[in-house]
Amino acid sequence: MENEVKVKKGFSFTRAHLCFPYAIFLVFFVILPLILIVYYAFTSKSGRISFENFIWFFSSWASIKTLLISIGLSLLTTFICLLIAYPVAFILARMKSNKNVILLFLFIMPMWINFVLRAMAMKELLDLFGIITKYNYLSTVIGMVYDYLPFMVLPLFTTLSNLDKSYEEAASDLGANKVKVFTKITFPLSLAGVFSGITMVFLPCMTCYVISDTFGSGKVTIIGKFIEQWFGTGDNWHYGSVIAFILIVIMFISTLFTGGFSEDKNSRGTTL
Amino acid sequence: MKTLTKRLLSAFLCLLLVLTCMQFIGCGKFDELVIYNCQDYIDEDLLEDFKKEYKEKHGVKLKIKYDCFDTLENMYSNVKINPDTYDLICPSDYMIEKMAREGMLEELSLTDGEYKQYVSPYIDAKLKSISFTTENGTKSLADYAAGYMWGTIGIAYNPETVNEEDVKSWNVLWNDTYNKKFTIKDSVRDTYFVGLAKAYNEELYNAKSAFELNNDLNAYQTTLSAIFNNTSVEAVGKVKEVLKTAKTNCYAMEVDSGKDSIIKGDTDIYVAWSGDGVYALDEADEEEKTLNFIVPEEGSNVWYDGWCIVKNAKNKAIAQEFINFMSRPSNVIKNMEYIGYVSCVGGQEIFNWVKETYGEDDGEFSVDLSYFFGEGSFSVSFSEENRQFSAQYPDISVINRCVGMNYYPNEANERINNMWQEIKA
Chain H
4 MENEVKVKKG
14 FSFTRAHLCF
24 PYAIFLVFFV
34 ILPLILIVYY
44 AFTSKSGRIS
54 FENFIWFFSS
64 WASIKTLLIS
74 IGLSLLTTFI
84 CLLIAYPVAF
94 ILARMKSNKN
104 VILLFLFIMP
114 MWINFVLRAM
124 AMKELLDLFG
134 IITKYNYLST
144 VIGMVYDYLP
154 FMVLPLFTTL
164 SNLDKSYEEA
174 ASDLGANKVK
184 VFTKITFPLS
194 LAGVFSGITM
204 VFLPCMTCYV
214 ISDTFGSGKV
224 TIIGKFIEQW
234 FGTGDNWHYG
244 SVIAFILIVI
254 MFISTLFTGG
264 FSEDKNSRGT
274 TL
Chain E
-1 MKTLTKRLLS
9 AFLCLLLVLT
19 CMQFIGCGKF
29 DELVIYNCQD
39 YIDEDLLEDF
49 KKEYKEKHGV
59 KLKIKYDCFD
69 TLENMYSNVK
79 INPDTYDLIC
89 PSDYMIEKMA
99 REGMLEELSL
109 TDGEYKQYVS
119 PYIDAKLKSI
129 SFTTENGTKS
139 LADYAAGYMW
149 GTIGIAYNPE
159 TVNEEDVKSW
169 NVLWNDTYNK
179 KFTIKDSVRD
189 TYFVGLAKAY
199 NEELYNAKSA
209 FELNNDLNAY
219 QTTLSAIFNN
229 TSVEAVGKVK
239 EVLKTAKTNC
249 YAMEVDSGKD
259 SIIKGDTDIY
269 VAWSGDGVYA
279 LDEADEEEKT
289 LNFIVPEEGS
299 NVWYDGWCIV
309 KNAKNKAIAQ
319 EFINFMSRPS
329 NVIKNMEYIG
339 YVSCVGGQEI
349 FNWVKETYGE
359 DDGEFSVDLS
369 YFFGEGSFSV
379 SFSEENRQFS
389 AQYPDISVIN
399 RCVGMNYYPN
409 EANERINNMW
419 QEIKA
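Sequence order for the protein chains is H and E.
Under my numbering, the first residue of the first sequence is numbered 4, with each subsequent residue one higher.
Under my numbering, the first residue of the second sequence is numbered -1, with each subsequent residue one higher.
Hints may contain errors.
As the list claims (entries may be wrong) - Okay, derived cross-link-like pairs now, DSSO-like style, lysine-lysine, Cα gap no bigger than 27 Å in a straight line:
#1 H:Lys222 x E:Lys178
#2 H:Lys68 x E:Lys236
#3 E:Lys309 x E:Lys287
#4 H:Lys126 x E:Lys137
#5 E:Lys257 x H:Lys222
#6 E:Lys309 x E:Lys63
#7 E:Lys137 x E:Lys114
#8 H:Lys222 x E:Lys137
#9 E:Lys114 x E:Lys309
Since the hints were derived computationally from the structure, they do not count as laboratory data.
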């Protein structure tokens, strides 16, 4: 009996305790803000529970149009990123290991340079070709692709280089040509990387209005800009929160589709 | 080995003790002032100067905590959430009004001292012109704010490509000749103002001709103020239509990049706050290009920022001392040289400095500034018109057609922001 009491009193450090810092972070910076967003989204200015913010959002063509444009721009950007990044990641993963590290660095290094600086430099370049003011949407997509490409390359590279080569060898031994090996074996096995790349490009694209502001001459508006407006000059946190809430729902759905919650062992270590 | 450890440990403890003592001696008693200002909006050397002066005067060390905000709205919510954190803040006109109305500001008692002595009569009258009822009776903004910097909104343009007659009216932004050759501000309040100038163009011109006939400045200003602060459903609807066209026709909607665009020659017309306009003119001068700045004939906005003390601030007395310190002509000049905006402080000393800085040359264009500097003769002549000087210190004829932009009540603010959302989408 006495022994048992002693055991309870003493503090023994276990692995579980290592989670405390993250748990605290999670509560203060993820869970609490989420609760606040939900609270503001479902209450009116007088503090009563209501759906008026949702009615406001869905009855305004401007909001819906901007939401659709944001989704469209993000989808396009993600698609282009994937088109560019997949071959690159594939080639890098197949190279001899000391060479590919250097090449990979060349792709990742832009991430180390300040984002605003990069955006400004790219803008000047596009300006030189006269794209900036004539084609606002085109230059916005170019800006987004430029900024988010490394986020697509990295997970694809990780998945492809961790891929067990014996599957491919087995396929070619059994008579599959190179195209078939790729479509039947390599690509399906790298899907986890593809999905995590998509998540990392598509979701931030929807809200990063700095890019659309810089590259779109202030004429391309994505939905994140409205959140800023309603928390700023608009001075209506309820409207701002309802947009944020709707975005969370959309992102949740898109994550479901891209299998972000599935427990595929191949996807381990692909998200940064 | 063991003794070595012990020795090291005791040496370390001794050091710790000495350091702790030093800290007590060093700090002793100190006073504190917490300032919350817009970014890049003060010469920070002046903070050090004030600390020195405070130490000499009171024999107590002063610590200044200097924080910056990026937008007034962020400042507002931050002060609202942390009412005990800040002593001195520096909002713009409409935000001063909003905060004062909501009882978030402490009344100033600047009865004597440099601010009262040197503040421009024009700014003082502007502050006094906005009054409202509080629980302590009728108050005006002058009871809550001490003017800091001020300016107008106008148009910087390239005189080689733009006809001067055209930029005398805000209509220039809807003139097909300048399609894709102008930028407008990507900010709700400023661009709504410009939209009103277009939507109520006829009314503004009528008011102007009435003023030219009867010379009744009060009536003119009242009419202008009513037009430029019209937030009715009808006005917002009209502005929406004109701004839609402006958005399509403009080169860009910008907050920052407009300067570069006009200097590089991508655009010829740049709707700008006077401070930014002067900056663009200066930069262009360096590249041996000439730009001009003009405030259109229909009228425009005059804005100002002011020092305010947060309600129940702990260091009110020090904050007021700081306001007076910042209003001392020598410090005003130092500050103006650093940030490039125009101070709300007038007086002979500033006038002399201004004249010298902008190089008066007794040309044919004269600028009458007695409205700003007070009694006496404050007129300057230049051989070139519409340059830096008149952008910084507009002639009385320009000032007569400029009015402030009040704060929009909740409902109106929402209406205008919804309109803005439709423009941007």
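With the threshold set at 27 Å, check whether the alpha-carbon distance from H:Lys126 to E:Lys137 stays at or below it. The hint is violated at about 50 Å.
Is H:Lys68 close enough to E:Lys236, meaning Cα to Cα at most 27 Å? holds, 22 Å
Between H:Lys222 and E:Lys178, is the straight-line Cα distance small enough, at 27 Å or below? Holds, at roughly 12 Å.
Is E:Lys309 close enough to E:Lys63, meaning Cα to Cα at most 27 Å? holds, 18 Å
Would the hint linking E:Lys137 and E:Lys114 be met if the CA-CA limit is 27 Å? It holds: about 18 Å lies between the C-alpha atoms, which stays within 27 Å.
Is the hinted pair E:Lys309 and E:Lys287 satisfied, with a Cα-Cα distance of at most 27 Å? Violated: E:Lys309 and E:Lys287 sit about 49 Å apart, past 27 Å.
Holds or violated: are the alpha carbons of E:Lys257 and H:Lys222 at most 27 Å from each other? Status holds; Cα separation ~18 Å.
So if I understand the rule, the pair passes when the alpha-carbon distance is 27 Å or less; does E:Lys114 with E:Lys309 pass? Judged against 27 Å, a Cα distance of about 21 Å means the pair holds.
Can you confirm whether the C-alpha distance between H:Lys222 and E:Lys137 stays at or below 27 Å? violated, 42 Å
The structure shown violates the earlier hints numbered 3, 4, 8.
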